[in-house]
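Model the placement of chain B on the given structure of chain A, informed by the hints.
So the sequence lines, in the order shown, correspond to chains A and B.
Under my numbering, think of the first position of the first sequence as 68, with each following residue one higher.
Under my numbering, think of the first position of the second sequence as 84, with each following residue one higher.
Don't read these hints as lab results, they were simulated from the structure.
Glycine residues also receive a C-beta, built at the ideal position from the N, C-alpha and C atoms.
Hints may contain errors.
To be verified - For lysine-lysine, the following DSSO-like pairs were computed, each having C-alpha atoms within a straight-line distance of at most 30 Å:
1. B:Lys746 <-> B:Lys849
2. B:Lys916 <-> B:Lys746
3. B:Lys867 <-> B:Lys849
4. A:Lys120 <-> B:Lys746
5. A:Lys130 <-> B:Lys760
6. B:Lys849 <-> B:Lys815
7. B:Lys849 <-> A:Lys120
8. A:Lys120 <-> B:Lys180
9. B:Lys116 <-> A:Lys120
10. A:Lys120 <-> B:Lys123
11. A:Lys120 <-> B:Lys662
12. B:Lys849 <-> B:Lys760
What the hints assert, rightly or not - Cβ-to-Cβ under 8 Å is the rule here; a few derived chain B residues that face chain A:
13. Ser197
14. Lys762
15. Pro776
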Amino acid sequence: MSRDVREIVREEQWMRPRILEALASGPLTVPEIAAAIGRPADEAMFWVMGMRKYGYLHELKEKTGDGYFRYETPAGSAS
Amino acid sequence: MDYDALVVGSGIGGMESALKLGDMGYRVLLIEKEASVGGKMVLLSKVFPTLDCASCISTPKMAAAVHHPNIEVLTYSEVEGIARDGDGGFRARVRQKPRFVDESLCTGCRDCESVCSVAVPDEFNDAMVSRRAAYIAFPQAVPQKALIERAGTSPCSFDCPAGIRAHGYVALIRSGEYEKAFQLVLETTPLVGSLGRACYAFCESACTRGDLEGSLPIRRLKRFVADRHYAAETPPAIEIPARNGKKVAVVGSGPAGLTAAWQLARRGYQVKILEAASEPGGMLRLTIPGYRLPVEVVEQDIANVTALGVEIETGTRVESPEALMQQGYDAVLLATGTPLSSSLGIPGESLNGALDALSFLRDMRLGEAPNLHGKRVAVIGGGDVAIDCVRTARRLGAKEATVAYRRGREEMPAHRHEVRDAEQEGARLELLVAPVEVLGDESGAVTGLRCIRMTLGEPDASGRRRPEPKPGSEFELGCDVVIAAVGMSADTASFAAQLQLNGDKTIAVDPQTMQTATPSVFAAGDVVSGPSDMASAVGRGRRAAAMIDRWLQGNELDGAGFDDGLAAVSKTEVLARQKTYARLEPAEPGVLLSAAPTDFAELEPPLSEEEARASAVRCLDCGVCSECQECVSACPADAIDLDMRGRELDVEVGAIVVSTGFKLFPADLKPQYGYGKFKNVITATQMERLLAPTRPYNTVLRPGDGRMPERIAYVMCTGSRDQTVGNPLCSKFCCMYSIKQNQLIMGVLPLAELTVHYIDVRAVGKGYDEFYAQASAMGADFVKGRVAEIRETDEGNLILRYEDVENGGAVAEAEYDLVVLAVGVQPNREILKLFPGGELAFDDFDYVDEVDEDLNPARTSIPGVYVAGSASGAKDIPESILHAGAAAAQAAAHLEAMRVSS
Chain A
68 MSRDVREIVR EEQWMRPRIL EALASGPLTV PEIAAAIGRP ADEAMFWVMG
118 MRKYGYLHEL KEKTGDGYFR YETPAGSAS
Chain B
84 MDYDALVVGS GIGGMESALK LGDMGYRVLL IEKEASVGGK MVLLSKVFPT
134 LDCASCISTP KMAAAVHHPN IEVLTYSEVE GIARDGDGGF RARVRQKPRF
184 VDESLCTGCR DCESVCSVAV PDEFNDAMVS RRAAYIAFPQ AVPQKALIER
234 AGTSPCSFDC PAGIRAHGYV ALIRSGEYEK AFQLVLETTP LVGSLGRACY
284 AFCESACTRG DLEGSLPIRR LKRFVADRHY AAETPPAIEI PARNGKKVAV
334 VGSGPAGLTA AWQLARRGYQ VKILEAASEP GGMLRLTIPG YRLPVEVVEQ
384 DIANVTALGV EIETGTRVES PEALMQQGYD AVLLATGTPL SSSLGIPGES
434 LNGALDALSF LRDMRLGEAP NLHGKRVAVI GGGDVAIDCV RTARRLGAKE
484 ATVAYRRGRE EMPAHRHEVR DAEQEGARLE LLVAPVEVLG DESGAVTGLR
534 CIRMTLGEPD ASGRRRPEPK PGSEFELGCD VVIAAVGMSA DTASFAAQLQ
584 LNGDKTIAVD PQTMQTATPS VFAAGDVVSG PSDMASAVGR GRRAAAMIDR
634 WLQGNELDGA GFDDGLAAVS KTEVLARQKT YARLEPAEPG VLLSAAPTDF
684 AELEPPLSEE EARASAVRCL DCGVCSECQE CVSACPADAI DLDMRGRELD
734 VEVGAIVVST GFKLFPADLK PQYGYGKFKN VITATQMERL LAPTRPYNTV
784 LRPGDGRMPE RIAYVMCTGS RDQTVGNPLC SKFCCMYSIK QNQLIMGVLP
834 LAELTVHYID VRAVGKGYDE FYAQASAMGA DFVKGRVAEI RETDEGNLIL
884 RYEDVENGGA VAEAEYDLVV LAVGVQPNRE ILKLFPGGEL AFDDFDYVDE
934 VDEDLNPART SIPGVYVAGS ASGAKDIPES ILHAGAAAAQ AAAHLEAMRV
984 SS
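The shape of chain A in the complex, shown without the other chains (with noise of 0.2 Å):
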């Protein structure tokens, strides 16, 4: 069952650090970031996209053959 979403947004900033240890070694889809969490994939996408509007990581331009995005840290892209 789905958790409320006020109760997922409430964790971005705790997930926030996981997040950014998985995208450490590349870029990574949206289900990519919650296997290496181990959280759902839904939940994953609030925190993905919460961090995306404050600037703590990016989309790349070209998505994969199934249609997902990859995301990647600002010091990701410098390298």
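Relative to chain A, chain B alone:
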């Protein structure tokens, strides 16, 4: 008359009416409940059928309304009620909510937002992404000013007697900002480590999460940040403020004295603490046993004070505050606590082995404890000090340690967990007994305690049932040591000649200012209140410091505010914000108790970092803003003002335009469509945001997994033309916005397949039918027939079961990646409260009734009150603008009629 016209609501209709009236020369007050003018239109992607950018059309009107010389705009404000006056005009009460940001200073830089510690769903993006408690509504908001969402003070912070912003440091820990969390507590008191261990945690009793699976371990979180700070090899240096040339003497170095000294030193005072004991710390060092509060922690906390240049002189007993003044101090604070134990008042108290609780505990802390090995110890009393004594006695080797209390377990003032832990450590409770005499042998040594059984009668002044002796029930309790823990009192005899004392020997002060009858002498802590607790003493020390500062700066003390925060937010309101709550397990207490403890090692283990953050994330952000002060620190314009309060204003106006718009149908009221349950079922308003330039995602993606959808279905008339949800009305523009979205999606996702499940398409308007045909020609597939239900596959796809009218009425199923519910509109019932007198008429569906719609559009049942836009029924944007123009013309005619007749 304050204004010619009041316009309620600043959507496209309200702005249009206000601008038209303003252009005609009328003075207009435009009220908007949100933080920005613009209503719903500015959040749309594009408008139909021209596909012009909605923001591009809206924002010039928004700016024009806000900057119009004849229009005053109050955003984040609500009209609470309107009544007619006797002259054809109206009186309106407007409540302007506090933004907690000074609009005249805010530059819209969003620095506050970037550091805010609280994330909440962004209602301006239909909850598809987060925003912060400190925020600017959306990128095109007018005014482009931040605000801080505050529902009240969080109960944990509100109930802290010390005034510590508990929610603030919890939120900072959740964000991983441990040192900032420490510094936030340090702003209130230097006793971060001590409170993190030995506070009785009023915050946790108030925690809303306690109404779910258990409160947060807020006290232990404080200990967590204190431990990290003190363990750092090079903790951040404490900034020493410039001295202001004034000197304050603080008498006593307990929680109140240390906190006051810290607060005064931070304000630039030269502070000296005078302590009668040989070591500083008061009850922290000399009363609380080490298993609850190690002395090293007390010393670390005290070092915060001395780091500011505060001098501590121990072994100095002050008997005359006046003498201190003569030594050159500008003010004196007496914070000497309650160092005297009350006596039992029974024979035998002078026998060898009859002790008082404070001396016993003090001797233990100073390494001078009596040898209790193999002895039987009886502690008289039922408070926390009695429990400290009995647990200490067990650690000192007592073979029997008994608490004798005259009331029952329920009436014991000691904290329940302390009593429970004492019993687990082998202490015994002898309840409903009172001491009659301490018995001794010929050598003068204690041999026992004569007691009498008690029974509970009616409640006394304390609310507890009064103990009454049972005649003939006396008995002897065998013991070698008797410890009296029946109360504590202030040691103020030497002050009696100079200060006014209360009957219980406490110092009489003004409770607001902490000032004694001698203006330069203040008093705080237990010497004023009588025995209390560490957090309460800290709070009084803070208050005293603030008042001493005011007094020494030559300011009036009468009416001086202190800790005047917002009222506590109600737990009911907090819990109503979510429909469901996942169970988030509280951290394990982890206290390892021994039935025969042998040392004073600390019992409670620290939280690990993982435990701390997992605990902090359970916080419900009751007050929304956590008061972490990060925005205050970050704002380059000093625009944050957490002391800002709302205001109410009464205005007289000649005419009113009601332009309060509509509400959207809550899609979860059609459970067969799975909104809120299936991750890839969204509403058309959410799709508007996904298509808008300021969208929450980087493009149109599935909320369930971030994949670009290839097959998208629209379900028309969700919540409109539907008797099952009580709304038989057509929402008028859903067909067109769905067609518009189809065209836009085909632009964003050229390969996507789009299917629209509809009843019939209503394309009534200039260019609308052509727009519909264009979408069809572009490839959108229109399927006539209702959708019966939606199911979700394991992959998050959606299977629609629908009726296909044009193919023989067969029931069919199709699978999609994403389903969009074209939700209908409902009346905005909030306007029912605008006219408490009930004169404003509504139609059968609660839209504002236009009493002469054919010949006098916008006219309502009240002369002088007009309706603009969708408040009187669903209208698209061009219709709303036309209608708003009519309302403005009607209002102008009314105003002219008033002018002519006056």
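Quick rundown of the hints versus the structure:
1. B:Lys746 <-> B:Lys849: Holds, at roughly 25 Å.
2. B:Lys916 <-> B:Lys746: 16 Å, holds
3. B:Lys867 <-> B:Lys849: 24 Å, holds
4. A:Lys120 <-> B:Lys746: Roughly 27 Å between the alpha carbons, so the hint for Lys120 of chain A and Lys746 of chain B holds.
5. A:Lys130 <-> B:Lys760: Holds - the C-alpha atoms of Lys760 of chain B and Lys130 of chain A are around 28 Å apart, at most 30 Å.
6. B:Lys849 <-> B:Lys815: 14 Å, holds
7. B:Lys849 <-> A:Lys120: With Cα atoms ~38 Å apart, Lys849 of chain B and Lys120 of chain A exceed 30 Å; violated.
8. A:Lys120 <-> B:Lys180: 27 Å, holds
9. B:Lys116 <-> A:Lys120: It holds: about 25 Å lies between the C-alpha atoms, which stays within 30 Å.
10. A:Lys120 <-> B:Lys123: 21 Å, holds
11. A:Lys120 <-> B:Lys662: 26 Å, holds
12. B:Lys849 <-> B:Lys760: Outside the cut-off at roughly 39 Å; violated.
13. Ser197: This hint holds: Ser197 of chain B lies near chain A, its Cβ roughly 6 Å from the closest one there, short of 8 Å.
14. Lys762: Holds. Min distance 4 Å.
15. Pro776: 14 Å, violated
The structure fails hints 7, 12 and 15 (numbered hints given earlier, in ascending order).
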